[in-house]
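Novice: Chains as they are written, first to last, in this note's numbering: chain A, 504 to 850; chain B, 85 to 254; chain C, 82 to 461; chain D, 379 to 533.
No lab work stands behind these hints, which were simulated from the structure alone. It cannot be assumed that every hint is accurate.
Computed list of lysine-lysine pairs in DSS-like fashion (alpha-carbon distance at most 30 Å, straight line) [what the hints assert, rightly or not]: (1) B:LYS158 / C:LYS363; (2) C:LYS385 / D:LYS520; (3) B:LYS161 / B:LYS178; (4) C:LYS320 / D:LYS468; (5) B:LYS161 / A:LYS588; (6) C:LYS363 / C:LYS173; (7) D:LYS455 / C:LYS388; (8) D:LYS395 / C:LYS388; (9) C:LYS270 / B:LYS103.
None of the values given here were measured: they were computed from a predicted structure.
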Amino acid sequence: MKEFIDGLIASNAFLQSVPVDLVYLAAMVTATVAVLLVVLTLFSGLGTYAERKVAGHMQDRLGPMRVGPHGILQFLADGIKLFLKEDIIPALADRKLFIIAPVVVFSASFASYVVVPWSDTLIVSDLNIGILYILSISSVAVIGIIMGGWASNNKWSLYGAMRAAAQIVSYEVPIALSIIAVILYTGSLSMQDIVEAQAGGLHKWFIFRNPFLFLGFFLYFIAGLAEVNRVPFDLPEAESELVSGYNTEYSGMRFAFFFMAEYANMFIVCAIGTTLFLGGWNGILPDPILPGVVWFMGKGLFLMFIMIWLRWTLPRLRVDQLMYVSWKVLLPLSFLVIFGSALWILL
Amino acid sequence: MNYLREIGQAVWTVLVGMKVTIGHLFVPAVTLQYPDVKWTTPERWRGRLHNNIDDCIGCQACSRICPVSCITIKAEKRGKDEEPVFTSEESGKKPRKLRVTQYDIDLSLCCFCGFCTEQCPTECLRMIPDYEFSVYDKKELVCSYAVEKSPEKISEKISEKEGEPEGSSG
Amino acid sequence: MKLQDDNIDLKSDEMILNMGPQHPSTHGVLRLILRTDGEVVNDVRPVIGYLHRCMEKHCENVTYITAVPYVDRLDYIAGMNNELGYALTVEKLAGIEVPERVQYIRVIMAELNRIASHLIAIGTYALDLGAVTLFLYTMRDRERIIDLFEEVAGGRLLFNYIRVGGLAHDLTPGWVDKANDFLEYFPPKITEYNDLFTYQKIFIERAANVGVLHPDVAVSYGVTGPNLRGSGVAWDIRKDEPYSGYEKFDFEVPIGRGEMGTVGDCWDRYYVRLRELEESVKILRQAIDQLPREGDVQSAMPTKTLKPPKGDIYYRVENPRGDLGFYIVSDGTPKPYRLKVRSPCFTAVSAIREMAVGWMIADLVAILGSLDIVLGEVDR
Amino acid sequence: MEPSKIYELLKKRFGEKVGEFDAEAIDPCVTVDTGSLPDLARFLFEDETLAFDSLMCLSAVDYPETLLLVYSLHSLKNFHKFTVKVEVSKDSPRVPSVESIWKTANWHEREAFDLFGVEFQDHPDLTRILLPEDWEGYPLRKDYETPDEYRGMDI
Chain A
504 MKEFIDGLIA
514 SNAFLQSVPV
524 DLVYLAAMVT
534 ATVAVLLVVL
544 TLFSGLGTYA
554 ERKVAGHMQD
564 RLGPMRVGPH
574 GILQFLADGI
584 KLFLKEDIIP
594 ALADRKLFII
604 APVVVFSASF
614 ASYVVVPWSD
624 TLIVSDLNIG
634 ILYILSISSV
644 AVIGIIMGGW
654 ASNNKWSLYG
664 AMRAAAQIVS
674 YEVPIALSII
684 AVILYTGSLS
694 MQDIVEAQAG
704 GLHKWFIFRN
714 PFLFLGFFLY
724 FIAGLAEVNR
734 VPFDLPEAES
744 ELVSGYNTEY
754 SGMRFAFFFM
764 AEYANMFIVC
774 AIGTTLFLGG
784 WNGILPDPIL
794 PGVVWFMGKG
804 LFLMFIMIWL
814 RWTLPRLRVD
824 QLMYVSWKVL
834 LPLSFLVIFG
844 SALWILL
Chain B
85 MNYLREIGQA
95 VWTVLVGMKV
105 TIGHLFVPAV
115 TLQYPDVKWT
125 TPERWRGRLH
135 NNIDDCIGCQ
145 ACSRICPVSC
155 ITIKAEKRGK
165 DEEPVFTSEE
175 SGKKPRKLRV
185 TQYDIDLSLC
195 CFCGFCTEQC
205 PTECLRMIPD
215 YEFSVYDKKE
225 LVCSYAVEKS
235 PEKISEKISE
245 KEGEPEGSSG
Chain C
82 MKLQDDNIDL
92 KSDEMILNMG
102 PQHPSTHGVL
112 RLILRTDGEV
122 VNDVRPVIGY
132 LHRCMEKHCE
142 NVTYITAVPY
152 VDRLDYIAGM
162 NNELGYALTV
172 EKLAGIEVPE
182 RVQYIRVIMA
192 ELNRIASHLI
202 AIGTYALDLG
212 AVTLFLYTMR
222 DRERIIDLFE
232 EVAGGRLLFN
242 YIRVGGLAHD
252 LTPGWVDKAN
262 DFLEYFPPKI
272 TEYNDLFTYQ
282 KIFIERAANV
292 GVLHPDVAVS
302 YGVTGPNLRG
312 SGVAWDIRKD
322 EPYSGYEKFD
332 FEVPIGRGEM
342 GTVGDCWDRY
352 YVRLRELEES
362 VKILRQAIDQ
372 LPREGDVQSA
382 MPTKTLKPPK
392 GDIYYRVENP
402 RGDLGFYIVS
412 DGTPKPYRLK
422 VRSPCFTAVS
432 AIREMAVGWM
442 IADLVAILGS
452 LDIVLGEVDR
Chain D
379 MEPSKIYELL
389 KKRFGEKVGE
399 FDAEAIDPCV
409 TVDTGSLPDL
419 ARFLFEDETL
429 AFDSLMCLSA
439 VDYPETLLLV
449 YSLHSLKNFH
459 KFTVKVEVSK
469 DSPRVPSVES
479 IWKTANWHER
489 EAFDLFGVEF
499 QDHPDLTRIL
509 LPEDWEGYPL
519 RKDYETPDEY
529 RGMDI
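Next up, chain A with everything else stripped away, as it sits in the complex (with noise of 0.2 Å):
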């Protein structure tokens, strides 16, 4: 690597007017752009077609099975598909905001994959505020999802817009509540930090704690399920209610963005319960035996498998049983969460 930027200086009249750390810079970022730009597309693929597989096989059904065997590269034929659509952009739109919208939707949940710890040594960048890091971001989505609504000049768009807001903004808080119950313990707000803190085996994991954090976990869990549009929350999108919600109107490249970006962020909020709650990449054994990718994808995937199975079980709520959940049941709950987590460092 190191070798391939010394001969592109060497070779280019403009990279030797620049400083040399700069160059050395630029080219990490670029590299780790192209990375997780590959993983995070692989990943929003191959959720898709986990996502349709299960759902086959959950109604008596196979699913997709014509692509590739078993369809395995049915996400490949729908991207090909999606990104070779009419660019359709409503004649009443605002364009510009409507062209901006997935943009930022889809670079939100991308910039939170910067602080996933994969592994051990496996991270882009170790912030020190990691958890918060991740908080702030992935309210950015909102701020697209808000533009997309609006800019499509359409009534159903704007109410998934105006649900996703109130949605979005209400389960922050409990999932805010019950990330500090993890923070009570390991005082750092850094992923790798917290991780490290459960390293040991099982029962140093932070949901098997103690009861409260048992209890927190599942708080996140839902609240997260709301945070990223799931069923039973998936009012913002709502396909029988607002037709299509928030992207009613997109097609082609610009609803793949939205899509990516939706499963993008479910792996996000699965990853990051992961590493607050389920020992990240840690192994079950003190002795971790496999590589701490392993374990932390494991752990991920069943939480995304989860979040899949869900979704075919479940029925959709209503907006006001949506706050009712946040405001009333997950945000008691949480503030228990932290109390009781309190109380139980200190005796």
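Dock chains B, C and D against chain A, hints included.
Specialist: Just chains B, C and D now, kept in the frame of chain A:
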């Protein structure tokens, strides 16, 4: 208390539902991989209308009963000097006194009720199991079965052809 | 206030929202003009006619016998029941008595179709509320009924099987065994639906107490069938004015009791349908047991053109969606002088405003789904 | 209650306004004129012994001379049926609406207006229901001729 009971109820019913769906994850699929595998159609299946024109006696029973008038038939008497024509063995060697010069079924109008096939005396009009006949143009759904041409028309055409060179030269 | 397309004075918080004719939850091409304040629906005006196929006019131009395919297409989910209603009306008008075997087979077909139709109602209701899986399960079980129909009638949805004075064909050999297999297979599935959806807390929250239809309002609007019974009125033509031999069977008429909320809410309407599945199975078991083994199903069918005597008749049967009535005027010719269809969904749609005002858009979807309308019948 | 008894009750109450009674028909029916329809309908609805709370069907028929409106009534309380027929002249088909008595009449009357051109007086919203609002003519009348096109579309 009620509050806690409701939360408990919600969690419990979610778990019950999840049990149902996970159970189905390992149940064999009931669907069929359609274009590769197909269901067998039952004997009484009402698919595409097909007329075996060799057995058709031009009685118009089918076009009369049709509730949507999708069958158009034109038939004319055969001349006395013509050789008599009969239907096939299976339908009983009935004399075909009429020459069917037009037998069109517009499948885009057909409502697949099967009245016509019940009326057909020679059972030449049947509904065959074929159900895959989607087309890009509605006009392609008009099926013409008649093969015989009216003798006058044939002779007219012959005379036209014969007349043409004369006309052009003259 | 009348909701028209133009000249509406809106308050500053309100907006006009056009729901349909292309909307996933309007069950066809129903259009609802909503006046909404945020998510709350302040007024709703149903607009119908997008699926108007001039069925009544067409029927004036075909004979009594060949009108059956048109009748099939009214409520295309319950073709057998439509045919039964039409055939009975014309038979009564023309004074035709059908053999007992025909009566039994007709009841079997009608009840099977009722199950199939209610399965769609239940499945699509779940779909409306976001639970996709139940829809697939109900479609899976409905498929078995459709296969039975396919074997006996040759069509999967539009049967043209129950004719004036008889049936198009007798049952195929072995059909009764297959029907018995289905009756063995089906009842346990109802438990599955219950576990997955009926008693699901989220579903109860969404459906109970929502869209309450008061019994008096329901009667005044002419709402019938499961929707009326959901409001607690025990009115079922099969029980109260038996036709085609329904008096011989022992079954209950389930009514809404407000188990999860108020009598006449969406959950009650849904649950009445679910319990009718069990009742239909009960009727089917008896009908198959008592089915006369021998008999010509076409003996009473008119051999030539049917010319009922002059007169008029209004006759109705219990369709899966309510009372399906036919008003037929005969002038002594082979073609009906006038054929009017009184469809249950037509009246159900007209009562939407009574239920939906004051609820949210999401509830409107729940209410529409619980009414189980088929637009083919509304628009005719 | 038997239809003939219902007829007697009506005869006693309304006297000459109630027209002839057809007991031979499959659905025994009584003919009344347009003027006395609202009172008669209200009586049928409100009288305790009759209590016709449900209007099953409202059909219109185009006979050569007149338009006939057929009100098929049914009582869910007393389980009996009755049919009321109202003759309307074709030139000025005007009938008082019964929408205030049976709500279901609202849409049934709109349908009769749409397809037969019967004008129901005091109807809250008498607009076309099945056909487009700018459709011309009343299709279920026997003298109706189908137009060749509607807004440039072939029919």
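Novice: Could you run down the list of hints and mark each one as holding or not?
Specialist: Outcome of the hint check:
Using a Cα cut-off of 30 Å, the hinted pair LYS158 (chain B) and LYS363 (chain C) is violated, with the two alpha carbons roughly 53 Å apart. With a C-alpha separation of about 27 Å, the suggested pairing of LYS385 (chain C) with LYS520 (chain D) holds against the 30 Å cut-off. Of the pairs offered as hints, the one joining LYS161 (chain B) and LYS178 (chain B) holds, with about 15 Å between alpha carbons and a cut-off of 30 Å not exceeded. Distance check on the hinted pair: LYS320 (chain C) and LYS468 (chain D) sit about 41 Å apart at the alpha-carbon level, beyond 30 Å; violated.
Restraint check for LYS161 (chain B) and LYS588 (chain A): not satisfied, since their Cα atoms lie roughly 59 Å apart, outside the 30 Å limit. The hinted pair formed by LYS363 (chain C) and LYS173 (chain C) meets the criterion: a straight-line CA distance of about 28 Å does not exceed 30 Å. In summary, the hint linking LYS455 (chain D) to LYS388 (chain C) is not supported, as the alpha carbons are separated by about 37 Å, beyond the 30 Å threshold. Between LYS395 (chain D) and LYS388 (chain C) the alpha-carbon distance is near 35 Å, which puts this suggested pair outside the 30 Å criterion.
Of the supplied pair hints, the one linking LYS270 (chain C) and LYS103 (chain B) holds, its CA atoms being roughly 15 Å apart against a limit of 30 Å.
Consistency with the previously given hints fails for numbers 1, 4, 5, 7, 8, ordered from lowest to highest.
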